[in-house]
Amino acid sequence: QQQVKQSPQSLIVQKGGISIINCAYENTAFDYFPWYQQFPGKGPALLIAIRPDVSEKKEGRFTISFNKSAKQFSLHIMDSQPGDSATYFCAHINAGGTSYGKLTFGQGTILTVHP
Amino acid sequence: NAGVTQTPKFQVLKTGQSMTLQCAQDMNHEYMSWYRQDPGMGLRLIHYSVGAGITDQGEVPNGYNVSRSTTEDFPLRLLSAAPSQTSVYFCASSYQRGGYEQYFGPGTRLTVT
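Line order of the protein sequences matches chains V and H.
Using the numbering used here, read the first sequence as starting at 48 and increasing by one per residue.
Using the numbering used here, read the second sequence as starting at 261 and increasing by one per residue.
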């Protein structure tokens, strides 16, 4: 069973600060590494995604960086805002085999941004 | 488009009761799936379907059944509810298998006493 290990479990950041969430994966073929954002009482929604042949992807204040040799990828939220307070999940999509297309999630990080 | 809809939003069951969680999508997506979300465990895949008439087990299928008679609907049945099935359940869909963008419903919070 492939796993994604996410840290930290919770994170408190002041407004304007940088939020960093890390994920580690096991050695297998992946296609995409998406990040999902979930607000209380809502379902998760795709935030940003990266392919393993790209080392970094930026969308606005959100940046994913990917380190293939270390088998790690991370989400950076620059200039964090109270509206960013949510639970963030890293994930991966299996590229092939019997688990093709399976979306596996990390354990989640509860981000709180204080004003 | 309504996207992915789920009913009910909340449900309380007694141990041993059965029920069906409803899920529907109006985006003509081939791939649909059910997840359960528990604190500190992320979202775990229960069952999934790659098209009408085709379903398969995910990571935690025991105690749950699914069927997919139409593209739009993917109900999840709890056969004999147990307290361990207390969780928040999410239905999701994507255009095709392997699509990393899955669209999630608002969830059903289930409590089994």
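Note that these hints are calculated values from the structure, not bench results.
A couple of the hints might just be wrong.
Here are the computed distance ranges between Cβ atoms for each label pair [stated by the list, open to error]: (1) H:Pro343 to V:Pro87: 18 to 26 Å; (2) V:Glu106 to H:Ala262: 25 to 33 Å; (3) H:Tyr355 to V:Lys89: 15 to 23 Å; (4) H:Asn288 to V:Pro162: 40 to 48 Å.
Chain V regions said to be covered by chain H (calculated; three or more residues, Cβ under 8 Å) [stated by the list, open to error]: (5) 79-93; (6) 150-159.
Glycine included, C-beta positions come from ideal geometry on N, C-alpha and C.
Checklist entry - Do three or more residues from the stretch 79-93 of chain V put their C-beta atoms closer than 8 Å to C-beta atoms of chain H? => result Our answer is that it holds, as 8 residues pass the Cβ test (under 8 Å) against chain H, meeting three.
Item to check | 8 Å C-beta criterion, at least three residues: is the stretch 150-159 of chain V covered by chain H | outcome: holds (count 6)
Item to check | Status of the given 18 to 26 Å range, CB of proline 87 of chain V versus CB of proline 343 of chain H | outcome: Since the Cβ atoms of proline 343 of chain H and proline 87 of chain V sit about 24 Å apart, the hinted range of 18 to 26 Å holds.
Checklist entry - Can the suggested window of 25 to 33 Å be confirmed for the beta-carbon pair glutamate 106 of chain V and alanine 262 of chain H? => result holds (26 Å)
Checklist entry - Between tyrosine 355 of chain H and lysine 89 of chain V, is the Cβ distance one that fits in 15 to 23 Å? => result The hinted range 15 to 23 Å holds for tyrosine 355 of chain H and lysine 89 of chain V, with Cβ atoms some 21 Å apart.
Checklist entry - Between asparagine 288 of chain H and proline 162 of chain V, does the C-beta distance stay in 40 to 48 Å? => result holds (42 Å)
Checked against the numbered hints above, the structure breaks none of them.
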